[in-house]
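Colleague: What follows is the residue order along each chain.
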Amino acid sequence: MVCTRQHVIAAMRGAVRAVSECRDELVELDRAIGDGDHGENMERGFLAVDTQLRLASPETPAAVLKTTATSLISSVGGAAGPLFGTAFLRAATAAGERETLDGAAVAALLRAALDGVTARGRAERGDKTMVDALAAAVEAAERAADEGAGPTGVLRSAATAADSGARETIPLVARKGRASYLGERGAGHLDPGARSVALLLHAFAETGGEQ
Amino acid sequence: MVCTRQHVIAAMRGAVRAVSECRDELVELDRAIGDGDHGENMERGFLAVDTQLRLASPETPAAVLKTTATSLISSVGGAAGPLFGTAFLRAATAAGERETLDGAAVAALLRAALDGVTARGRAERGDKTMVDALAAAVEAAERAADEGAGPTGVLRSAATAADSGARETIPLVARKGRASYLGERGAGHLDPGARSVALLLHAFAETGGEQ
Amino acid sequence: MKKIINDPADVVVDALRGMAAAHPDLLRVRTDPAFVTRSDSPVRDKVALVSGGGSGHEPLHVGFVGTGMLDAAVPGPVFTSPTPDAVRTAVREADGGAGTLLVVKNYTGDVLNFETAAELVRAEDVGVRTVVVRDDVAVRDSTDTAGRRGVGGTVLLEKIAGAAAERGHGLDDCHATAQRVADNVRSMGVALSAPTVPHLGEPSFTLAEEEMEVGIGIHGEPGRERVGLESADGIVRRLLDPVLEDLPFRDGDEVLLFTNSMGATPLSELYLAHGIAERMLAERGIRVTRRLVGPYVTSLEMRGMSLTLLKLDEELTRLWDDPVRTPALTW
Amino acid sequence: MKKIINDPADVVVDALRGMAAAHPDLLRVRTDPAFVTRSDSPVRDKVALVSGGGSGHEPLHVGFVGTGMLDAAVPGPVFTSPTPDAVRTAVREADGGAGTLLVVKNYTGDVLNFETAAELVRAEDVGVRTVVVRDDVAVRDSTDTAGRRGVGGTVLLEKIAGAAAERGHGLDDCHATAQRVADNVRSMGVALSAPTVPHLGEPSFTLAEEEMEVGIGIHGEPGRERVGLESADGIVRRLLDPVLEDLPFRDGDEVLLFTNSMGATPLSELYLAHGIAERMLAERGIRVTRRLVGPYVTSLEMRGMSLTLLKLDEELTRLWDDPVRTPALTW
Ligand SMILES: Nc1ncnc2c1ncn2[C@@H]1O[C@H](COP(=O)(O)OP(=O)(O)O)[C@@H](O)[C@H]1O
Ligand SMILES: Nc1ncnc2c1ncn2[C@@H]1O[C@H](COP(=O)(O)OP(=O)(O)O)[C@@H](O)[C@H]1O
Ligand SMILES: [Mg+2]
Ligand SMILES: [Mg+2]
Ligand SMILES: [Mg+2]
Ligand SMILES: [Mg+2]
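Protein sequences, first through last, are from chains A, B, C and D.
No gaps in the numbering here: position 120 of the first sequence is 1589 in the numbering used here, and each next residue is one more.
No gaps in the numbering here: position 90 of the second sequence is 1559 in the numbering used here, and each next residue is one more.
No gaps in the numbering here: position 257 of the third sequence is 553 in the numbering used here, and each next residue is one more.
No gaps in the numbering here: position 11 of the fourth sequence is 307 in the numbering used here, and each next residue is one more.
Chain A on its own, in the form it takes in the complex (with noise of 0.2 angstroms):
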């Protein structure tokens, strides 16, 4: 019950085709409160991480995570390429030396990751951010952790409560982000970068664990 370099690679490895799968639906998001390249700008970044990960062989849990990291800053530009790609540094720099990952390692990692992007992006959560779903997962994440979870069962909480946080985003007024400029006009809309926090999620647990 615990998570390998082979396991983060094809939890990366099925980013990817969850994050194409999607590139429409996040466009639409992204139209309909911010300038409509969400969808390019993730799909761009994760056939980048896609390419590094095959030239670089990383031999970690720790260096998987930071050739995403470096792939997805170096590739995306935009808002969510800094942000998603400080989460991941930072799960990197949690992931440390270890081999293998377990239930509450992934849970720090997740921790971290969001650590990450509240520094960086300065948001709290109920602004209407990526931060809502991630916060969430966090929470999530923890509990399980805490109540035994293996990896997967740790990411299926996580990306469950992701789901709702970022359910949650629709009703809010957006206070960082292009969404911002849009005031009460961006209520009723569901944040893109919410939902690319669960739809990544989903994707690392079926992909993830220990299959």
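Everything labelled a hint here was simulated from the structure, so no lab data went into it.
Don't take each hint at face value.
Restraint-style ranges between C-beta atoms, simulated for each label pair [as the list claims (entries may be wrong)]:
#: 1; chain 1: A; residue 1: E1593; chain 2: D; residue 2: A472; range: 29 to 35 angstroms
#: 2; chain 1: D; residue 1: G530; chain 2: A; residue 2: L1516; range: 44 to 50 angstroms
#: 3; chain 1: C; residue 1: P619; chain 2: D; residue 2: T613; range: 22 to 28 angstroms
#: 4; chain 1: B; residue 1: E1490; chain 2: C; residue 2: T613; range: 54 to 60 angstroms
#: 5; chain 1: C; residue 1: R436; chain 2: D; residue 2: E579; range: 50 to 56 angstroms
#: 6; chain 1: A; residue 1: S1526; chain 2: C; residue 2: V523; range: 48 to 54 angstroms
#: 7; chain 1: C; residue 1: T502; chain 2: D; residue 2: T585; range: 43 to 49 angstroms
#: 8; chain 1: D; residue 1: Q475; chain 2: A; residue 2: E1593; range: 48 to 54 angstroms
#: 9; chain 1: C; residue 1: D336; chain 2: B; residue 2: S1489; range: 42 to 48 angstroms
#: 10; chain 1: A; residue 1: E1494; chain 2: C; residue 2: R436; range: 51 to 57 angstroms
#: 11; chain 1: B; residue 1: D1584; chain 2: D; residue 2: G524; range: 53 to 59 angstroms
Which residues of chain B face chain C? A partial, calculated answer using Cβ under 8 angstroms [to be verified]:
#: 12; residue: V1496
#: 13; residue: D1506
#: 14; residue: I1542
#: 15; residue: V1545
#: 16; residue: Y1650
#: 17; residue: R1654
#: 18; residue: A1656
Predicted, not measured: the structure shown is a model, and the values here were computed from it.
All C-beta atoms in this analysis are idealised placements derived from N, C-alpha and C, irrespective of residue type, glycine included.
Following the hints, complete the assembly by docking chains B, C and D with the ligands onto the known chain A.
Modeller: For chains B, C and D with the ligands alone, coordinates are given in the frame of chain A:
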């Protein structure tokens, strides 16, 4: 059965009204095979004629025609301005010192107008321009005058013939004016300038005679 | 009709007022009749360059008034040539005693009205010569028709003849230079959408989502043929081929390539098309030594572009390089 | 989607290639990563000005590279900020040893990516300072939100800070000048139609025939409110009032008025609006002493305009008047 200075003024006033009423029709015709401004051009021109006739109080038929010509030249712009301007200028010259015009004189004026237009625009009959209507009108006017018709009779014949002359432009491919840029695609449309000639002659026939 | 205007009847004069406010150092603007002159007009003993035509092609001609280019420009109503009276008044203000060169685009209305103006001015003992620009290869070149339209080549001619005048060349010499430009310049345009004339309120023509109009003029008059939308490569080839064949331009020629926006084409698309044209010319051995890229001869908010090629010689190149200072062109 | 392009994925690089062809004397263009520098970069011992941001706003920023303005510009994908790596590479080519001033428009993406770039560059011992432009009064000015966007004011800042750098001012001094512009400039825009991002293929939003979007940004993101189309007087007042109140600008102030087209607005409409703005400012005793009119900060083929007011002082005026030579701005 003669046409006085008063009649000529009334004829011009009738033309002002007729052109205003048909503005949109002329616009549509010009939009199809030109640049869509012929209605505007004619309206602007005849409103200037109206104003100048009030200001100038011309004393002879020739003076009325000359005021009309200079008003058109100095207000219309476009192809129609110098062409109709020249037409009225030559008609004025042909009217000379005469206080009244009989049928033969009216026919002679129309002939002079046609000569002016062709001298200026170098269009021949069949080039799909105002010349097609005016040339047909002149021939009919001369026939009517030969048969002893008075000014109104001459103008009526001219107007009816101008209608046919204008209609005959429909199948033609233009060789002069903007419609010529269209080549074959211009066939099937009535020439706006030819329609204007018919319009003016009808207005003259209704108001410029011995009422 | 989506326009930033007040009364459609006043658009020309209202825009001129804004130009006057924007360029007090360069321009003097009159509104009745409407025309624009250099702020230092008349320039004593310099040949005056005067042009004009229907409005709606801005910056042509009003944006090219200034040192090294036009002395005066006479804008008519939208897409309608100005009257002889307006041209005459402008010439009177611009002529500095060395005569006036009239630059006329070949449209029946412009030719006739400027002809009449030239007669009026000559009667006042001002030396006048006229050059007619007819560079649009989309139209059949023939003497028994209205003949070719004047389009993009006009800007190049005004710049080069303007430099000749600024150098102090005489009227006949300026005319000869202008005529050399006219003889060596060819253009062709394409539209992706139609313009809307303010007082008409509706687009001049309609194009389906996947159509373009090849051989378009600059008045919203339809073009040579309507075809399906193509890639930038395809579009540029459709414009370049007939232009090259016409003069013809040959292997080894030095040319000025002018890539012009019809108004609403994003600058990025224009540069993209320009790059393709340069590549295609290089493939044929034609050397692009000077270039101009931008919205200089427009048709209101029409989307589309035109390509203009001018065959250069040493003198034309030198005159092109001469300084110019106008609202739309400065170096 | 009606565009003059080949593959939508290549529009940025294809347009850069065209720019390189069009301005061989002014620019050097790289395509991987994509950025543009002055042809004489790095200029030894001069502070380098580097800016960038999403593409689709041309001529911003690439058209402002040249003497007296930017040393390098880094265009991201359409409406998406460039990556830190691209910015770092551009700074490396542009920095002449006197440090680099980064000009960043206030969007989360730009701020974060340029922040990361600044860290990378600092690690390489290049002096870097950043100025963030946030002039769009349509957005609430607040620290607990993303805050105001950078729009038209960016051009004025790049021109003025560029002149300071060209005069040999040091990095801190250039930064202070840039910050003074940022503090004294305010803008607001309106859209009459939406832009279409090439790889999306559909307009970013839709406006009914009689609607306009007030307080629009430059990315096709919706604006402050959607209202019925108004006359030019009404539109200009809607833009000018909030701009004037914000700084606030007062009776007696000397200002630069920048009337900007969002891309597809005919130049005649832009001048018309400019004239109205000058009149309204005169009525309030505000003295327009410098002006800029044209399509300088665009949103692809969006129709609409923005007004920018910069409160001038003697030094800013002098720096504005300094010579500049770039593809889009030259005097
Ligand atoms: N300050 C911020 N903190 C956290 N997330 C943010 C912040 N700003 C924006 N985001 C997230 O980024 C998403 C938009 O990303 P994207 O569309 O790729 O970039 P851009 O907004 O630059 O176009 C938003 O939906 C939001 O979730
Ligand atoms: N060379 C010519 N000779 C005679 N009539 C002409 C000539 N050229 C154009 N016309 C007439 O002028 C009409 C168009 O006038 P108008 O639309 O007012 O001017 P423009 O063509 O300049 O827009 C045409 O319908 C045609 O009848
Ligand atoms: Mg976005
Ligand atoms: Mg017409
Ligand atoms: Mg016309
Ligand atoms: Mg973006």
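Colleague: Compare the structure with each hint and give your call.
Modeller: How the hints compare with the structure:
1. A:E1593 - D:A472: 29 to 35 angstroms: At roughly 33 angstroms between Cβ atoms, A472 of chain D and E1593 of chain A fall inside 29 to 35 angstroms, so the hint holds.
2. D:G530 - A:L1516: 44 to 50 angstroms: Taking Cβ atoms as reference, G530 of chain D and L1516 of chain A lie about 47 angstroms apart, which means the hint holds.
3. C:P619 - D:T613: 22 to 28 angstroms: Between P619 of chain C and T613 of chain D, where Cβ atoms are some 24 angstroms apart, the hint holds.
4. B:E1490 - C:T613: 54 to 60 angstroms: holds, 56 angstroms
5. C:R436 - D:E579: 50 to 56 angstroms: holds, 54 angstroms
6. A:S1526 - C:V523: 48 to 54 angstroms: holds, 52 angstroms
7. C:T502 - D:T585: 43 to 49 angstroms: holds, 45 angstroms
8. D:Q475 - A:E1593: 48 to 54 angstroms: Hint violated: Cβ distance 28 angstroms, outside 48 to 54 angstroms.
9. C:D336 - B:S1489: 42 to 48 angstroms: holds, 43 angstroms
10. A:E1494 - C:R436: 51 to 57 angstroms: At roughly 53 angstroms between Cβ atoms, R436 of chain C and E1494 of chain A fall inside 51 to 57 angstroms, so the hint holds.
11. B:D1584 - D:G524: 53 to 59 angstroms: 55 angstroms Cβ-Cβ, so the 53 to 59 angstroms window holds.
12. V1496: holds, 6 angstroms
13. D1506: holds, 5 angstroms
14. I1542: With Cβ-Cβ at 6 angstroms, under 8 angstroms, it holds.
15. V1545: holds, 7 angstroms
16. Y1650: holds, 5 angstroms
17. R1654: holds, 7 angstroms
18. A1656: It is violated, given that the least Cβ distance between A1656 of chain B and chain C is near 13 angstroms, above 8 angstroms.
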